[in-house]
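**Q** The listed protein sequences correspond, in order, to chains A and B. Sequential numbering of the first sequence, starting at 1, is according to the working numbering. Sequential numbering of the second sequence, starting at 720, is according to the working numbering.
It should be emphasised that the hints constitute simulated quantities derived from the structure, not laboratory data. If you're wondering where the values come from, they're calculated on a predicted model, not measured in any experiment. All the given hints hold, so there is nothing to weed out.
Computed footprint of chain A on chain B, listed as stretches where at least three residues anywhere in the stretch have a Cβ under 8 Å from a Cβ of chain A:
| # | region |
| --- | --- |
| 1 | 736 to 744 |
| 2 | 749 to 761 |
| 3 | 931 to 943 |
For the chain B half of the interface with chain A, some residues (derived, Cβ under 7 Å), not all of them:
| # | residue |
| --- | --- |
| 4 | VAL732 |
| 5 | PRO816 |
| 6 | ALA820 |
| 7 | PHE842 |
| 8 | VAL845 |
| 9 | PRO850 |
| 10 | SER873 |
| 11 | PRO952 |
| 12 | PHE984 |
Covered by chain A, per the in silico footprint, the following chain B stretches (three or more residues, Cβ under 8 Å):
| # | region |
| --- | --- |
| 13 | 823 to 834 |
| 14 | 874 to 888 |
| 15 | 971 to 981 |
Note that beta-carbon positions come from the ideal geometry of N, C-alpha and C, so glycine has one too.
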Amino acid sequence: MISSEARRRLAACVALLAAWLLSSPASAARPLVLWHAYREGGAEQRALSAILSRFPGGQIEVLAVPFEGYATKLHAAVPRGDGPDVFIDAHERIGDFVARGIVAELPSPEPCASLAESAVRAVTWEGKLVGVPLSQKTLALYLNTAQVPDDPPDLEALFERARPAPGGVILAHASGSAYAHAPFAAAFGAVFLGPDDTFGLATPEGASSIELVAALTRRGLVPEDATPSLVSELFGSGKASAAIGGPWMAGDLRAPPPYRVVPLPRLRATGRPMRPLLTVEAAFLTPRGRDGGAAVALVTWLASEQAAELRARVGRTVTTRATPTSAERTDPFLLAFARAAAEAEPMPSRPAMRLVFEPTDRALRKVLRGDASARDALAEAAHRFDDVRRPLPPRVDATPYVALVGVVLLGLSAVAARRAREAVATGALRRSLPAYGYVAFAAVAVLVLVVAPLVAGAATSFFAGRGDDARFVGLAHYVTILTARGGALLGTGSFYLVLLVTVLWTAANITLHVLLGGALGLLLSRRDLRGKAIYRVLLIVPWAVPSYVTALAWKGMFHRQMGAVNALLALVGVEPVSWFSRFSTAFSANLLTNVWLGFPFFVVVMMGALTSVPDDVLEAAMVDGATRLERLLRVTLPMVRPVLAPAVALGAVWTFNMFNVVFLVSSGDPDGTTDILVSEAYRWAFAREAQLGYAAAYSVLIFALLFVGSRALERRSAS
Amino acid sequence: MIRRASAWELALVHAALVVATAFALYPVLWVVTLALSSSRVPEPTALPLPTRPSLDNLRAVLGATSSSGAWLFGRQLANSVVVSLATAAAGCLFALPAAYALARFEFVGKRTGVSALLATQMFPTVASAIPLYVILSTLGLLDTRTGLVVCYASTSIPFSVFQLRSAFEAIPRELEEAAMVDGATRLGAFVRVVLPAARPAIAVTFLFSFMSAWNEFILAATLLSREESFTLPVLLSRYVGEHDADWGRFAAGALVVSAPVMALFYLTQRHLVGGLTSGGVKG
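From just these sequences and the hints, can you work out the full model?
**A** Below is the structure:
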C-alpha cells in the first residue's frame, strides 16, 4: 500500500501537471502577432529580429513556422481568427490568399510610397494592393574565383573555360527542381504557366530545355540527383566551379573558397538570357490585423528605410526600396543579386502556379534518369497538373443519402432494440448493469476520441471544396478513385496501381519478417546455444529504436554520395547506386528499412511460440525416425502456427499502414511509384491543394480493405 | 534425449547469429558515429567508427535556443515528457475499469463492443489526422499540448484496454472472491486486491503508452506549427529537410531522444508480446 504522504505528493504532482497542461497562453492585452518561415538562426531571421527590436510600436510576438507547413497553417488559422496579424510570405500565393480571405487590402498605399514600382505591382491583385513588398529573391550564378577567373558571357563559355577540381563538376545545379530549371526553360522561350492557366512546359521548347540539362548531366558537367543542399555542399567544398543558387545559399556555405556572384548568363545555343523566377517577399495584413491600427504601423515599419538597411546589411537580401540602400550600393554580392532581380521573370501569382511544381519536378527527374523522353514526361506532367486542377464534382442532392443513412440507422436501432428486449426478458441486461458502470468511462472516451473523428472523417469523403464553395458530392470521390480518374486502370498514380504496390509491399515485408524472425527465433531456442541472452538483447535493438529515427537514419545511409550502403557496395566493387531514382531500388530500400525495423518482433514471437512445443513430442518424432526437416515441418511449425497467426495478422496491418518508412525513406520516389495507400492519402490531404474529401475517401477505402481482409483471414483460420 | 550438435554446426549457428546481429547494430553504429563527429554530413565509409570524437553536434542540439533566447531544447523536451506522461496516464485511467469488466464480466454488447474497438484500430492514424486536425482547430487546440494528448489518447486508450484485459485475465479469480467472502464489495476487491496484483502489468502498459507517445511523429508534425510547441520527433525530422540537411545534428538528437526510450523498452519488452497479439494496435 502507498503511504498517505506519498499519495499526497502524487496528487500534488498530478494537479500541477494538469494545471500546466491546460494553461493556455491567452492574455487580456493581445500583442501583435507576426508569422514568418525563415530558418531559425539564419541571416534573414536575424535581420528580422533586429528590425523588430527597433519597432517603436511595442512588443511583437514572433512565430517561426516551418516552411513546409506554412501555407497549410495559414489556411487553417487565419480564417478562424487565431492566426497572425501580419505574416511574411512570397508574393506568388496572393491569388490563393485573396480567394481564401487570408489577406486584407491595405487601408492606404502609404507604406509602399518609396518602394520600387515593379515590386508593388507583384503584390497587387486585381487592382487591390494586398501587401507591402520587403525583399526580392532570385537565382544567380556563384563562381569559384580560382576555378573561373573571368565572368563567362554565356553558359557554354563557362563549360569551356572553367577548370574544375579533379573529380569535381563544373556547374552545381539542382537539376531535379522545377524552380531551378526555370532559367533553362526561359532560355528556350518556354513558360511554366501558359495562357488560361494551362501547363506551359509541355511544348517543344520546354522539352528542349530539359534535354539540354540531361545532356549536361550525361557529360558529367552537372551532378546527378543534386538537391539544393547538395548544390551548396559541392560548391562550398570547392567540388563545383560554379553553382546556381539564391541569396540564401551564401548562409549555407561554411568556410567556402573565394567566390563571387554574377547574374545568370545567356545561353549561346538560343541567344536568350537565362531568366530565373523572381519572388517578392512581402508583409501581409490578415483581416484581423487590418482592424487594429497597430498592424498597419508594423508593416509600415517593416518597409521603412531603417528596416531595409538592416535587411540588406544583416539579412543580405535585395530590398524593394526605389533607391537602393547603402549596403546595396557597395556590397558586390547584393549588387549582383539586384541586377539578377532586375532581369528576372516575376513568378505568376495565379493559384494554378503552385500546382506546376510537383509534376514538373517529377518530369525532370524522370528524364534525367533516362526513364522517358522529355516529350512523354512533360505530357504526363501536364496530365497530372490537369488531374489536380480538375473541377470539383457537381453538387448532388443529399436527400437520398440522408434517407439511406436514416433507414440504416433505423434498422440498426431496431435490431439493437430487439436484442435489448430479449436481454431484458432473460434478465441478462439487469445482470450487465454493474459491468456498464465499469465500462462507461472508457466507452464515452472512445466514442468521443476514436469513433467521432472516424465518423467525421468518413463523412468528409462525401464533400468537396471549402468555404463558400463547399458542397455535398455524394459518392463522386469514390467513383473518381475507383475509375482511376478516367485514366488507364494501372496508370501512374491510379488507385489500383498504388493498391498493387501496397499489397506487394505488405507481402514482401511479412514474408521476410517471418522467414528472418522465425529462423533466428529457431536458432535462439536451441538448448545448446551459449550467449543466448546477449544475442537476444542485441537482436531486438531495432525494435527499441523509434521508427521515425530508423527511417531517417536509413534514408541517410541510402544517400547516393555520402551513404554507408553505397560505401559497403564499393567494397565489393559495385558502382554507387542512386537508390531513389528507380522503382526497384527505391522499393528495396524501403523494404530493407522495414525488414530491419520489423524482424525483432517476430524473433520474440517465435521464441515465445517455441516454448509451447513440448520436448516429448519432438522426441517421439525422433524415435519414429523423422529427420530434422520433417520434425521442423511436421511437428514444430504446425504447433507454433496458432501463436504465429495473430502476430502475422497484426504485422500485416502494421505494414499495410506503415507510413513512416515510405514517407520518410523514399518519400514515394521515384515519381510517386513507391507510395502506398496511406502515404498517397496523406499527400492528397496535406499537399496537392488539400483535397480533404478526396483523401478521406481514400482512407475509407483503406479501412474497408483492411476490415474485409482481416475478416476473411479470421474466417479462414477459424474454419 | 536430443542429440548433441557437432561443433561445426554450432559454429555455423553462431556465424548466422553474428551476421544478423551485425545487421541489427550497423545503423545504430552509423548514427552513434555521426552523432559523435563534428560534421554536418556523414563520411561515406563502410565501417563507421568515431575517428575524431567530438561533442559539437550534441552540444548544438542540446543548447538550441529560440529567437527570443529561451532554451528551446528544454522546452521541447518538456513538451515530449508532459505529453507522453499525460497520454499514458489518460490511457491507463480510462482503460483500467473497462479492461477489468472485459476480463471478469459477461454483459450484453461485450462482443460487439470489443470487435468494434478492434475495427477502429484499422483506420490508419494518418487518415484520422484529417478529422482530428479539423476538430482540434474548431476547439482552438491546435499547437497545444492538450490537443496532442487528446489525439494520442485516441490510440492509448484502446491499446491499454487490450493490454490490461489480458493482464487481469491472468490474475486468478480466487483472489478477489476471497476478498468478497471477507465482506469486500466488488469495487473494493477490484481496488484493494486486483489493482495491486496487476501493478507490474499496469506499469508496463503505462510505459508502453508513454513510449508510443514519445515516438509519435506524423500527428505531431501535422498538428504543431510553432517551434515552442514541438515535440522532439518533429525537431529531429526538421534537421534533415530537403533544403538544409544537417545529418550530424539529426544523429546527435536521435541519440538523445532514443536512449531513454530504448532503456524503457528493455525494461518492458518481455511483458509486451502477449498483450500486443491479443488486441490489434496501430503501428
